[in-house]
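Asker: For reference, the chains in residue letters:
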Amino acid sequence: MKLTKRIWVRSMIGAAAAVAVSGAAWAQGAPIKIGVLATLEGPFAAGGADGMRGAELAIRQRGGTVAGRKIEMVRASSNANPDVAVNAVRKLVEQDKVDIVVGPLSGGEGIAVKDYSKTQPNMTFINGGSGAQATTLVNPSPNFFRFNTEGAQWMVGLGKAAIDKGYKRVMVIAEDYAFPYSQVQGFMSEFCRLGGKVPVKAWVPLGGKDYSSVIARIPKDVDALLVVLGGADAVNFLNQYEAAGGDKPMMGGSITVSQDVLNYRGKRRDSLVGTMSAGPYADSFDGADWKAFVADYQKNYPVSAGGYPSPSLFALVYYTNMKAALDALDAVKGDLSGGQAKYRQALSSLQLRMPTGTVKLDANRQAIGTTFVTEVVKDGKGELTTRVLRKVDNVEQMLGMKKEEFQMGTRDVPACP
Amino acid sequence: MKWNARTWTWLLIGGPIAVFSLWAIADNTRLYFVTLLNGLTLASLYFIVASGFTLVFGLMRNVNLAHGSLYLLGGYVGFFVAEKTGWWVLAVAAGFLAAAIAGLLIQVLILRHMQGQDLRQTMVTIGLSIVIADLLLWAFTAQVHQMEAPEWLQGPLRGIPLIKAYSAYRLSLLVFGVAIGIFLWWLLTRTTVGAMIRAGVDDRQMLAASGVNVNLVFAITFMLGAGLAGFGGVIGAVELSMVPGEDTRLLLASLIVVIVGGMGSVVGAALGAVILGLAETYGLAYAPTYSVVFTFVILILVLAFRPRGILGKPA
Amino acid sequence: MSAAQWRRAMNGGLRQAEAARAPRRSAQPMAGAARVVTPADADPYAGSDAPRWLKFLWRTLSARHVFVLALVLVFPFVATPFMTFQVAAQSLVLGLIALSLTFLGGWGGMVSLAQMSVAGMAGYAVAVLGVSSTEISLGWPWWVAVPFAVLIASACATVIGWLSVRTEGIYTIMITLAFGVAFYYLVLQNYSVFNGFQGFQKVYPPEVLGLNWREPLPFYFLSLFWALVGYLAVKWLVRTPFGIALQGVRDNPRRMAALGFDVVAHRVAAYAFAGLLAAVGGVLLVWYNGLISPGSVNTGWQINILVIAVLGGMRHPIGAFLGAVVFVLLQTFAIDVIDRERFNLVIGVVFLAIVLFSPDGLLGLWAKLRSRFGPRQTVNSPPSRH
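Protein chains in written order, with my numbering: chain G, 156 to 572; chain F, 1435 to 1749; chain H, 1099 to 1484.
Be a bit skeptical, because a hint or two may be false.
[As the list claims (entries may be wrong)] From the structure, some residues in chain G lie toward chain F, with a derived Cβ separation under 8 Å:
#1 Trp-358
#2 Gly-363
#3 Lys-364
#4 Asp-365
#5 Ser-367
#6 Ser-368
#7 Ala-371
#8 Arg-372
#9 Pro-374
#10 Asn-391
#11 Glu-397
#12 Ala-399
#13 Gly-462
Hints listed in this document are in silico derivations from the structure and should not be mistaken for laboratory results.
All C-beta atoms, glycine included, are put in the ideal place defined by N, C-alpha and C.
Kindly produce the complete structure, drawing on both the sequences and the hints.
Answerer: So, in structure tokens, the structure goes:
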């Protein structure tokens, strides 16, 4: 009896001590849970996987801790549908009880998550990869931050480059949804202002792969085509265009001139040399930070382990946003108390150093960053690759226009036939 | 001319089409005829895929909703073989065989044990389509795969009057469609197996009663149907690329072709394919955001007035 | 036979079956509706003074009904808001939509894959007619927009039904699938009405009498209310003369036609009723999500509703809700257990397994287990529905 009582008392003391010690440890450096949402299923599954890698890279670069606290990354998955994304974020916030959310990936999801963020004022939401203009332009949310530039900002500089190359009349071929609208707007606002004309805009319905009707409508007197399609669709288009006997030069949107297009093996391959494009990064950019980022990515995610030969757009944007989250955590020394108000203050005033330059946020918590205009060239071995034509810094969401003149891109806006 | 229902139907349908055609030719002749060719070539692809579907349905009363997945399977296998060997013809054969074997396995291992339970068989094919689609997604990831046309079919055919240049590969689709149509006609009307299949479409029980090995006929039909889907997958892969989601599109196209043309009838499948192909391409060319509406309207009209399809037989 | 005679006969038959399960004195064999109701077991409460509705409840409710009812009423007060909203309320809403399919498939013999599209039509109608963050929306108040939406969707369901039922049963799956996929492409590619790929955002439930229906608790009770209404409606409808006639049409349309019943009319009416259920579910679904986009009505979701209905079992309305609970649990927590990317594979395999080995779904499994391990059954259990 006495023995059991002693054991009982001692174990109680031991338990109390353990709780006290761990309690102290908890108070000191409780792990920070960061939920990362990317499209791991559906059409953007490959991009989503690379986005996860980018976010993870930012964490690994800091050795897995920030401001003395361990970082715990909680993954969530969606399939580019807004309702699935909201369900996934709700689970992260209410069930998994994360402190910060980084994501989502696609434009429509971004708007839905932004709407959800307004119902959780004490949580901070940082974008992952979504690039729709409306997310931060229309009803912006006070706790949704986007440290990557969006679709329209990605095309700044291409309009001028087109005029410089002598393209006065350009036909636009793009898919019929918000992201290509913003890309076309980014191109046309500059192009039209400098005197260019866009006689025909062909919006290809989503889900269709048959470009024969669009090709049949290409007027004879355009100088070039602006093709804003995904890389693989662009190859499809090129095949069909070449097979139909077309020969006009092409300009590409930000996701058009991808590895698929550069590996094109059709007869028109040589005519691809000189194709211009614009976007938030360029494979061949020789800035020191960029090279370091690429090397780091390749070291952590070699091709054998499933990584790409060079980080994709999604890896870059997720890395940027996660790095912003962590840098701001550093700035407030891990203090997420008071409804994370101080943390959000730090985020708003953060000057983020990311692989292609410095990014800061505007009044709507949207990034002001750098855009690259690129051109396809043939290297010494006869392979196609891109080189940087021009680097445009401090591109804002209003694209340098005044608030009264600025209109969000839609099917008919802007127009200069 | 007798003004009965038939002439009225021809007038009501043919009238607007004639008016539209006259306007379109006057407006942009080249566009009209290019679109016509586009529609016919697309129709050929739809016919190849839908003929397999209608054969299986007509004979076995089995709505094979895994047809789209078999299309995708054939396409991916063909892509893989083309990449490894560089021979397009080999890829086509491989796609056909892969889908045919998959179809055979499905029929022998699963569907045969549910003879007569049409609904259950259909649900099984739904489950299989989900599983096959996800397995293919796992193996090939969601990246878009682009197959290249063989050398001798690449590039445009020049010198055509009025149209000036047209894709040689797309024209070859038309040739394939016609070839498959002739092959199926020969198979169904000039061979014993074909006679058994036609007899089975008309009356399954009598076929069994007359001593034919019905299981064998079913297996052959399912193999053929699946193989046609796979064949369609490979040749479609060049024109339309391989991506998850194509299976749904092709399944929908097969469904509409068969509903419009008539169940169990290969000629009906050809007719339905032409109607659907033309409607889609003209819709895309002249009113892109409403092209689906045309398809819808055609579907509704046929179901309202000819529920069994234009050339459908009563069950 | 008059309606009252049908009802008595059916009630008599049901009570016989329940009596047969308990090892009481000689259980009389149940021979369907053509039984003579003897006074001895007509109404145990005949002598009591309680009001008629109370006697009705005593007659029809059993312990398990009370248990389940208590469970769903108490659940939100003991579970976290997340479980209440994302798991329970979503299951109720999806269950309601699947219930429409269960009704059509189990009692009508027509498996329609367009139920999610009907629900989507109602959701889109609410978004277009009501308030959202897109300019296309007309901004009507919710108490005008919602009834209109339900009406429009039910009307569309009736038209789909009329187009689908004039041919053989197996055609129904094809035709409804085609309609569903065509509807998906329509809302994906049309911008003037359906706003294409973007869809409608911020379609929120209203605030009524100071209660915000967006909060987990009110929304849960709202969905629970409508789920109960749907469940009871189905249970009631299948015992009315119409319901019986529908089951007759399911089993042998030729004979029913020979008896003078209008087979097509019964089937179309069944579609209309199922469309009504799905439309209500669709309104709740768009309120749950707070948005609607083409992704909510794509082929995946059409098949998911079928999976839910088959998973639970089509022999009883509760099957739809059972299937929905299992489905939502899998969907929500799969990422913690396996790769979320392979969720479709898991669902597909589960569905295949159910169809191959237990076509009556979970309810069928439960029935089999009960017959294996439960009290000795007499040979007189109700004929199974296949």
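Asker: If a hint holds in the structure, say so; if it does not, say that too.
Answerer: Hints versus structure:
| no. | hint | verdict |
| --- | --- | --- |
| 1 | Trp-358 | 7 Å, holds |
| 2 | Gly-363 | 7 Å, holds |
| 3 | Lys-364 | 4 Å, holds |
| 4 | Asp-365 | 7 Å, holds |
| 5 | Ser-367 | 4 Å, holds |
| 6 | Ser-368 | 4 Å, holds |
| 7 | Ala-371 | 4 Å, holds |
| 8 | Arg-372 | 7 Å, holds |
| 9 | Pro-374 | 10 Å, violated |
| 10 | Asn-391 | 5 Å, holds |
| 11 | Glu-397 | 7 Å, holds |
| 12 | Ala-399 | 5 Å, holds |
| 13 | Gly-462 | 13 Å, violated |
Going down the numbered hints, you'll see the structure goes against 9, 13, while the others check out.
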